[in-house]
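Protein chains in written order, with the working numbering: chain A, 1 to 289; chain B, 1 to 316; chain C, 1 to 444.
Derived from the structure by calculation, the hints contain no laboratory data. Just so you know, not all the hints are guaranteed correct.
[Said to hold, decoys possible] Covered by chain B, per the in silico footprint, the following chain C stretches (three or more residues, Cβ under 8 Å):
{"hint": "1", "segment": "40–52"}
{"hint": "2", "segment": "82–89"}
{"hint": "3", "segment": "126–134"}
{"hint": "4", "segment": "138–147"}
{"hint": "5", "segment": "213–225"}
{"hint": "6", "segment": "385–392"}
Just so it is clear, CB atoms sit at the ideal spot from N, CA and C, and this is done for glycine as well.
Chain residues, written in single-letter form:
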Amino acid sequence: MILKKIFQIILVLTVFSGFNRIARADEPVTPRITATYAKLSDGTKRISIALSARQNDKRVNIPDAALQIIAQNEAIKTILGNVITNQQGKASLDIEPGTTLPRDQDGYTFMVLFGGNTKLDKTSQSIHATEAFLEISLNEKDTIKTITARVIKHNEKGEKVGIPDVPVEFNVKRLFCLYPIGNEKTDSLGSCSLEFPSTMPGDKNGKVTIVVRMPDNETYGTVEESKDINWGTLLVYKVKPIRGLGDTDAPLWMVYTLLVLLTGVWLHVVYIIVLVIRINIIGKKAIKS
Amino acid sequence: MKNKNASRRKFLKLGLAAGASALIGGGSVLSAISKVNKPAGGDKVKMLSPEGKLMEVDRGHALCCGVPTSKEVRKGIPGRHFVMVIDLSKCRNARKCVSACSKMHFLQPGQEYIKVFLMQDSEDTSPYWFPKPCFHCDAPACVNVCPVGATFKREDGVVLIDNERCIGCKFCMAACPYSSRVFNWKKPGLKPEANYSPESSVPQKIGTVGKCDFCPDSFVSGILPDCVTACPNGVYYFGDKNEDVVTNGVEALRFSELVKNKSAYRYMEELGTRPSVYYLPPVDRSFPYERGFEELPEEMKKAYKVKRAHLKKFKI
Amino acid sequence: MSQQEIAQQKLVEIFAHFGKPSKFSKGLFIFLILIVLFAFYALILQMTRGQIVTGMRDYVIWGIYEVNFIFFIGISYAGAMISGILHLLHVEWRKPIIRIAEMITVISVLIGPLYVLLSMGRMDRFLHIFEYGRIQSPIVWDVIAITTYLTCSILFLYLALIRDYALLRDNQELKISSFRKKIYRKLAVTYHELPLQKKLLNRGLSVMSAIIIPLAVLVHSVLAWIFGMTIRPGWHSTIFAPYFVIAAVFSGTAVLIIAMWIFRKYYHLEEYITEKHFKYIGLILLVLAGLYGYFTFSEYLTVWYGSETWELEVIYKLFDFSDYGAWFYLAAFAGVLIPMLFTGIPFFRNINTITIGAVIAVVCMWIKRYLIIVPTLETPLLPNQDYRPEYVHYHASWVEWSLTAGGVALFFLFFMIFIRFMPIIPVADISEVPENKEFISEKL
Ligand code: SF4
Ligand code: SF4
Chain A
1 MILKKIFQII LVLTVFSGFN RIARADEPVT PRITATYAKL SDGTKRISIA LSARQNDKRV
61 NIPDAALQII AQNEAIKTIL GNVITNQQGK ASLDIEPGTT LPRDQDGYTF MVLFGGNTKL
121 DKTSQSIHAT EAFLEISLNE KDTIKTITAR VIKHNEKGEK VGIPDVPVEF NVKRLFCLYP
181 IGNEKTDSLG SCSLEFPSTM PGDKNGKVTI VVRMPDNETY GTVEESKDIN WGTLLVYKVK
241 PIRGLGDTDA PLWMVYTLLV LLTGVWLHVV YIIVLVIRIN IIGKKAIKS
Chain B
1 MKNKNASRRK FLKLGLAAGA SALIGGGSVL SAISKVNKPA GGDKVKMLSP EGKLMEVDRG
61 HALCCGVPTS KEVRKGIPGR HFVMVIDLSK CRNARKCVSA CSKMHFLQPG QEYIKVFLMQ
121 DSEDTSPYWF PKPCFHCDAP ACVNVCPVGA TFKREDGVVL IDNERCIGCK FCMAACPYSS
181 RVFNWKKPGL KPEANYSPES SVPQKIGTVG KCDFCPDSFV SGILPDCVTA CPNGVYYFGD
241 KNEDVVTNGV EALRFSELVK NKSAYRYMEE LGTRPSVYYL PPVDRSFPYE RGFEELPEEM
301 KKAYKVKRAH LKKFKI
Chain C
1 MSQQEIAQQK LVEIFAHFGK PSKFSKGLFI FLILIVLFAF YALILQMTRG QIVTGMRDYV
61 IWGIYEVNFI FFIGISYAGA MISGILHLLH VEWRKPIIRI AEMITVISVL IGPLYVLLSM
121 GRMDRFLHIF EYGRIQSPIV WDVIAITTYL TCSILFLYLA LIRDYALLRD NQELKISSFR
181 KKIYRKLAVT YHELPLQKKL LNRGLSVMSA IIIPLAVLVH SVLAWIFGMT IRPGWHSTIF
241 APYFVIAAVF SGTAVLIIAM WIFRKYYHLE EYITEKHFKY IGLILLVLAG LYGYFTFSEY
301 LTVWYGSETW ELEVIYKLFD FSDYGAWFYL AAFAGVLIPM LFTGIPFFRN INTITIGAVI
361 AVVCMWIKRY LIIVPTLETP LLPNQDYRPE YVHYHASWVE WSLTAGGVAL FFLFFMIFIR
421 FMPIIPVADI SEVPENKEFI SEKL
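The task is simple: from the sequences and hints, build the whole structure.
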């Protein structure tokens, strides 16, 4: 009995929700804009945007949508430009260091606008980022190498103050990714430190790039800072043997063998040709005399 | 030269962001906006310069630094040694790597640079999925036999083909013990607008060979090969062995530790080809191997039944 | 007129007769031309559409083109080995058949390499081999070896022809066009049988016959190494080079027997090519068949006993009747035993049976080469899990077959052209008093 009832309920629910889906499909939906702000180590500011919408109880990414990005404060509004989302519904805008943006007292405000169309509603999203800075200092004492990072912001008087209790990631930059070497939290002065692993390979001078990040903070966005130092292990790479089976030039024994064989045979060919010429000359002489 | 370096650096930055994206996968149902089905490489990035000019640059392959000279192409990136680690325990034959690769290399229908095999080592052991790109061997049999040096090994470990030099003798296909190479039997259908370079290996050329190239045109931009980012299960790890870090786009691991701790092996090490592709054994699997048959067309399912059945039949 | 002169005159007449094509040979000529033209059409198709028109696909990358290549290079052994060795040993009875053998060599070395070109995806880039050639590649060895071999065998043929050309040039009764006379005069240089000239010519011939033997061995070894150097079951074998050499001499000798039979019949040369010749060459064929059988046995026994997975897979494809079994047993047993039977046992031995044996040997050698190439390529180290049947099993397409037929037709065409310009019996040699009559035991 109970089983039957449960079954009925399930049936009704399924049918209903299915119906619901069909009914909803034609109405325009409101997409969601997720925007994040990051300050990269070279001073570039990056606004990354993801555009998605709910459809059939699933979140789907919206590709090829045009988004407008605006930087603003109370006084001015600057249109930074349009970006188009990729196949994953993502887009990003990089603002090169040195670009002047409208700012308020402690940071920037960005606005992302989506114009809408027949299937999607118009929508916008704004983010505010308080400007924060990262300072890295590198110390080496008795073979122990320490990275110290300090997260700071400017207070109202323009003085530097540490930001306490935020997570900080320590990374080493690699070709395809950042390799995390540790996570720490800032202390009351806004600083934290980590020991650099002794076995991290660097380039042939031992140079590594240390990238310290304060990830995805609601107030500050992402802040990243990097520094080069020759703390890595030296890269010694072998110079390839120049003559081998797989190289452009053949191994010497091969060249010699081939040369010996070829000269051997072709000398005989030449010899035969000389013979024929000699026969010819002899014949000619005989005819003359 | 200066200019080139500058743009290289720029792209390194972008690569970092791109690495972490791309995992959500799939096109959208909301295709009202999706006018064209863009091929890979059409990924555009906007940049705002200090002068306030908005530039649009392509994040795709081979488009950042101009086409390198043939000498540079044959030499490779000094001081690097690219390796791949494939975690067999996470593969369920989703075939996303295959389709991403085919799309990005503009392959003819039916051609695959990465093949996914269903392997079973002996009757009593369990079958497992075995994705196989070119192994970029350090002692490549294919390079040894090429009469014109059209296929070559670079200093950074990558084995490439110069399709403008290849005479199509197919000797390399006979020599490669891993069946990594495919032949362009007919005129390639899709023709991207790109200048040919052995690094991008597009467009394909009729009568010559092709194979997985590790996507070296995007290395300089710090972008991972497409199969790596396309895999929904993070099966592929890619990186520079000299840097000792490999990544599947989500996590970054020390290569030496990964290989040591998970008992990585190279396929058919006894052949002496010294592959650059390492496999992590299929233990503690994320999926039962039967999952790999889902969504497969019938004829492919049948083809996977072909293992070494011949042996069982004929026992003298 | 001395006996020698009479004999000479007769031969010259026979040769002069060659110049006038009969109705039959005209018809044959046109027929062959048609086949070649059709093959040319197939070639154009392959060049414009790509090798998709062949049966070759990603696993079986070489098909019957490669089979034909090995086959024709194998046939070329007739001249190189048979005439080279017999010449070196001063075997007297070689004289009537030596020219045929050398012609076979030159023609098949001209045709064989065409198949390498055909199996190349980009024939138009052939010159890249000279531009970028890497001598680490067996293909480059092959190109070098075959060009050398071709040069040497043409020289060998030509040296032996000088005396004949001189004879034809000096013969007044011969009614041939002045154009031909001119050619003969040019080709005969100024040879007049002067003692010094004769000495030099003989020295040249000895040198050439000595050099052509190791060269031929090398050419076929290199050919075998194309396969032997790859890590493939059924190919990666140390005895592959000698195995190929023996197989080549075997098939070359068989083709020589067939050619002897045809020319004897068609040009009524019974007087010159006698049953004795067939028996002697037949005995050579017998020995070669034995050697070849021994190599085959040794190869497959070793591989089967070793029981490596990959090797077994190929071998079982060959042994299994549902696969290549029938062809394998035909090629490995019938192709060896029947020629042995016909050449070895006096009861069965006559001109016709020996020729039949030779035909069987030739056909089976072609099949054997197919069995060397295709089953191995159908057995990659990783399982072939392609869902398209044409990618799993190789079937030669009509394009490949017509180009194969074209090659065979070209072989005959070349022969027909060659015999219009060179006597197929060494006229000058044969009318000479033998240097050493006792050399061959009559008891044989
Ligand atoms: S896997 Fe094959 S094609 Fe790739 S490098 Fe090795 S031998 Fe060459
Ligand atoms: S097919 Fe091309 S790449 Fe391969 S061996 Fe021949 S020439 Fe070299």
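To see whether the hints hold, each was checked on the structure:
no. : hint    : in the structure
1   : 40–52   : holds (count 4)
2   : 82–89   : violated (count 0)
3   : 126–134 : holds (count 7)
4   : 138–147 : holds (count 4)
5   : 213–225 : violated (count 0)
6   : 385–392 : holds (count 5)
The structure fails hints 2, 5 (numbered hints given earlier, in ascending order).
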